[in-house]
Amino acid sequence: MRWFLIDRFTEFVSKQYAVAVRSISLSEEAVDEYVPGIPAYPSSLIVEGMAQTGGILCSQISDFEQRMVLAKIMKLKMNAEAVPGDLLTLRAELQTHTADGAVIRGVVHRGDFVLAEMQLMFAILDDDRFQNIQLFEPAGFCRMLRVLKLFNVGVKEDGTPIKIPEFMLEAEQAELSVG
Amino acid sequence: MPSNEEVFEKVREALMDALGVDDDEVTPEATLVGDLGAESIDFLDIIFKVEKAFDIKIEREELFPEDVLSNAEYVQDGRVTEAGLAVLKERMPFADLTKFEENPIVQDFGNLLTVQDLCNYVSTKVA
Amino acid sequence: MRFTQLDRIHALEKGEFIEARRCLALSEGYLADHFPRFPIMPGVLMLEALYQASMWLVRVSDDFENSYVGLRETRSMKFKGFVQPGDSLDVRCKIQSRKDTLTTLQVAGSIGDEKAVVGRMVLESYNLEERGLVDNYLHTYTISQYKKMFRLLCDQMNPDNPSKLAMSNS
Numbered sequence: 310m311r312w313f314l315i316d317r318f319t320e321f322v323s324k325q326y327a328v329a330v331r332s333i334s335l336s337e338e339a340v341d342e343y344v345p346g347i348p349a350y351p352s353s354l355i356v357e358g359m360a361q362t363g364g365i366l367c368s369q370i371s372d373f374e375q376r377m378v379l380a381k382i383m384k385l386k387m388n389a390e391a392v393p394g395d396l397l398t399l400r401a402e403l404q405t406h407t408a409d410g411a412v413i414r415g416v417v418h419r420g421d422f423v424l425a426e427m428q429l430m431f432a433i434l435d436d437d438r439f440q441n442i443q444l445f446e447p448a449g450f451c452r453m454l455r456v457l458k459l460f461n462v463g464v465k466e467d468g469t470p471i472k473i474p475e476f477m478l479e480a481e482q483a484e485l486s487v488g
Numbered sequence: 018m019p020s021n022e023e024v025f026e027k028v029r030e031a032l033m034d035a036l037g038v039d040d041d042e043v044t045p046e047a048t049l050v051g052d053l054g055a056e057s058i059d060f061l062d063i064i065f066k067v068e069k070a071f072d073i074k075i076e077r078e079e080l081f082p083e084d085v086l087s088n089a090e091y092v093q094d095g096r097v098t099e100a101g102l103a104v105l106k107e108r109m110p111f112a113d114l115t116k117f118e119e120n121p122i123v124q125d126f127g128n129l130l131t132v133q134d135l136c137n138y139v140s141t142k143v144a
Numbered sequence: 006m007r008f009t010q011l012d013r014i015h016a017l018e019k020g021e022f023i024e025a026r027r028c029l030a031l032s033e034g035y036l037a038d039h040f041p042r043f044p045i046m047p048g049v050l051m052l053e054a055l056y057q058a059s060m061w062l063v064r065v066s067d068d069f070e071n072s073y074v075g076l077r078e079t080r081s082m083k084f085k086g087f088v089q090p091g092d093s094l095d096v097r098c099k100i101q102s103r104k105d106t107l108t109t110l111q112v113a114g115s116i117g118d119e120k121a122v123v124g125r126m127v128l129e130s131y132n133l134e135e136r137g138l139v140d141n142y143l144h145t146y147t148i149s150q151y152k153k154m155f156r157l158l159c160d161q162m163n164p165d166n167p168s169k170l171a172m173s174n175s
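Chains as they are written, first to last, in this note's numbering: chain A, 310 to 488; chain B, 18 to 144; chain C, 6 to 175.
Keep in mind the hints are simulated off the structure, nothing from the lab. Don't be surprised by glycine CBs; every beta carbon is placed ideally from N, CA and C. Mixed in with the good hints there might be a few duds.
[Claimed, not checked] Pairs of lysine-lysine residues, derived as BS3-like cross-links and limited to a Cα-Cα distance of at most 27 Å, are as follows:
no. : chain 1 : residue 1 : chain 2 : residue 2
1   : C       : K85       : C       : K152
2   : C       : K152      : C       : K169
3   : B       : K106      : A       : K386
4   : C       : K85       : C       : K120
5   : C       : K19       : C       : K169
6   : C       : K85       : A       : K386
7   : C       : K153      : C       : K169
8   : A       : K472      : A       : K458
9   : A       : K384      : C       : K153
10  : A       : K324      : A       : K384
11  : C       : K104      : A       : K386
12  : A       : K324      : B       : K106
13  : A       : K384      : C       : K85
14  : C       : K99       : B       : K69
15  : B       : K69       : B       : K27
16  : B       : K116      : B       : K69
17  : B       : K142      : B       : K106
18  : B       : K69       : A       : K384
19  : C       : K169      : C       : K120
20  : B       : K74       : B       : K27
21  : A       : K386      : A       : K472
22  : C       : K104      : C       : K152
23  : B       : K116      : B       : K106
24  : B       : K116      : A       : K324
25  : A       : K384      : B       : K106
26  : C       : K85       : C       : K153
27  : C       : K153      : C       : K120
28  : C       : K99       : C       : K169
29  : A       : K384      : B       : K116
30  : B       : K74       : A       : K465
31  : C       : K169      : A       : K386
32  : C       : K99       : A       : K386
33  : A       : K384      : C       : K152
34  : C       : K152      : C       : K19
35  : B       : K27       : A       : K386
36  : A       : K384      : C       : K104
[Unchecked claim] FRET-style restraints, in silico, Cβ to Cβ:
no. : chain 1 : residue 1 : chain 2 : residue 2 : range
37  : B       : E56       : C       : Y35       : 42 to 52 Å
38  : B       : D84       : C       : P90       : 32 to 42 Å
39  : A       : H418      : C       : R103      : 28 to 38 Å
40  : C       : D165      : B       : D41       : 55 to 65 Å
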């Protein structure tokens, strides 16, 4: 399976909040056969959807320069499972952001119903062990952000659009070269 | 201004929540790192929860003056010097440093803070 | 089976604890995205492994009478280490308390002697047919499939494997 647990962003305000949608389908490997005879979407993947929504919200603050990983699920309450045909709305709100990491509060809705609530903490990888470790290829990461429509809906706090960082544009250009 | 009991109860709740420990483990004497198992990442959580519980702002450098320990002026052969201890005492009036003073090994500094120290710190903030 | 996050169940004591293992291989598709330059097991899959181990413990403890055993809550789930391809995550879940439909567990995963994840979780279990959510066929089918999956997860070449617990009354 691939690891894109949201389909696209619908709202994104830098340093404040992000909203993404995710539709659940019976054709997904993780849905069919997860509970035999009763298709359901694993709750852990809902958490991952929120971790991606919130993680991008947090790492955008540094123009995606900081390497951030999910460090703690501070709280998680699941009120029901998601099932095929559901359209989930994931909303992540930034609660705190420091030199060590960030905390978001996440709420997942199915229509008006609150399916899940959680609080996630992300850590910035900055100690010596991670000195030479990169998580993403900048061009590939940028392409994912484009696919997720981040730059179509994303705005800064003052309402102006979030621009693609220069280092990503350069990496994309380098990747386009056929040689 | 909240009483000492009120401060302790709220701090206890934050620590139970952040560290997944039981209420009987969170005693005033318990050290955050050694006894309750707090790690670097937990302090972000603890500080966040305590800030919310008391509606205060906590600067990590106030609670853990790590800059003193990375200052060559105050450290010699892995131990905090007399001058360093004096600075720590001044910067951390809320902490009981008597035990640390007996054998001020830099590495042990991280395990210094007790639940009571954290309560004392919070009390200075809400006052 | 496609989303099983456990490879083998080593030990299980009804109402008490379970021990299981998850091995990570670079061939797993999602590692290409998580992350392209640093493949590591996503934290939520460690969470899923802990939930699945807890689920088996609850199902077996109740003699597989409930068709539904779902995740309701987690508390302070901390990711302390990375699981890289070639690593095995040893999972141990212990029942802390049970009240009505809810079971609270202490859960942890380790690589060797190093803890990689620790936390607590609450599972809810009930009979989907009794609640009118599925008919008798699906309720019975689900339980029979879980029994078969449990047998697969236990080492069938070991005569003392815990799958006897599932098959004893079927």
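Right, here's what the structure says about each hint:
1. C:K85 <-> C:K152: Since the Cα atoms of C:K85 and C:K152 sit roughly 33 Å apart, the hinted pair is violated (cutoff 27 Å).
2. C:K152 <-> C:K169: Measuring from Cα to Cα gives roughly 10 Å; hence the hint holds.
3. B:K106 <-> A:K386: 43 Å, violated
4. C:K85 <-> C:K120: Satisfied, since the Cα-Cα distance of roughly 7 Å is no more than 27 Å.
5. C:K19 <-> C:K169: 12 Å, holds
6. C:K85 <-> A:K386: 22 Å, holds
7. C:K153 <-> C:K169: OK: C:K153 and C:K169 at ~11 Å, within 27 Å.
8. A:K472 <-> A:K458: Holds, at about 12 Å.
9. A:K384 <-> C:K153: 33 Å, violated
10. A:K324 <-> A:K384: The given pair, whose Cα atoms are some 21 Å apart, holds under the 27 Å limit.
11. C:K104 <-> A:K386: 18 Å, holds
12. A:K324 <-> B:K106: 37 Å, violated
13. A:K384 <-> C:K85: Roughly 16 Å separates the two Cα atoms, so the pair holds.
14. C:K99 <-> B:K69: 32 Å, violated
15. B:K69 <-> B:K27: 10 Å, holds
16. B:K116 <-> B:K69: Violated - the C-alpha atoms of B:K69 and B:K116 are around 31 Å apart, more than 27 Å.
17. B:K142 <-> B:K106: 17 Å, holds
18. B:K69 <-> A:K384: 15 Å, holds
19. C:K169 <-> C:K120: Roughly 30 Å separates the two Cα atoms, so the pair is violated.
20. B:K74 <-> B:K27: Given pair B:K74, B:K27 holds - Cα atoms ~16 Å apart, limit 27 Å.
21. A:K386 <-> A:K472: The hint is violated at about 35 Å.
22. C:K104 <-> C:K152: 24 Å, holds
23. B:K116 <-> B:K106: 12 Å, holds
24. B:K116 <-> A:K324: 43 Å, violated
25. A:K384 <-> B:K106: 36 Å, violated
26. C:K85 <-> C:K153: 33 Å, violated
27. C:K153 <-> C:K120: Roughly 31 Å separates the two Cα atoms, so the pair is violated.
28. C:K99 <-> C:K169: Since the Cα atoms of C:K99 and C:K169 sit roughly 20 Å apart, the hinted pair holds (cutoff 27 Å).
29. A:K384 <-> B:K116: 36 Å, violated
30. B:K74 <-> A:K465: 25 Å, holds
31. C:K169 <-> A:K386: 34 Å, violated
32. C:K99 <-> A:K386: Cα-Cα ~20 Å, so holds.
33. A:K384 <-> C:K152: 31 Å, violated
34. C:K152 <-> C:K19: 15 Å, holds
35. B:K27 <-> A:K386: Within the cut-off at roughly 22 Å; holds.
36. A:K384 <-> C:K104: Judged against 27 Å, a Cα distance of about 21 Å means the pair holds.
37. B:E56 <-> C:Y35: 42 to 52 Å: Once the Cβ atoms are compared, 27 Å apart, the range 42 to 52 Å for C:Y35 and B:E56 is violated.
38. B:D84 <-> C:P90: 32 to 42 Å: 39 Å, holds
39. A:H418 <-> C:R103: 28 to 38 Å: The hint (28 to 38 Å, Cβ to Cβ) holds, given that A:H418 and C:R103 are roughly 31 Å apart.
40. C:D165 <-> B:D41: 55 to 65 Å: 37 Å, violated
Checked against the numbered hints given earlier, the structure breaks hints 1, 3, 9, 12, 14, 16, 19, 21, 24, 25, 26, 27, 29, 31, 33, 37 and 40 and satisfies all the rest.
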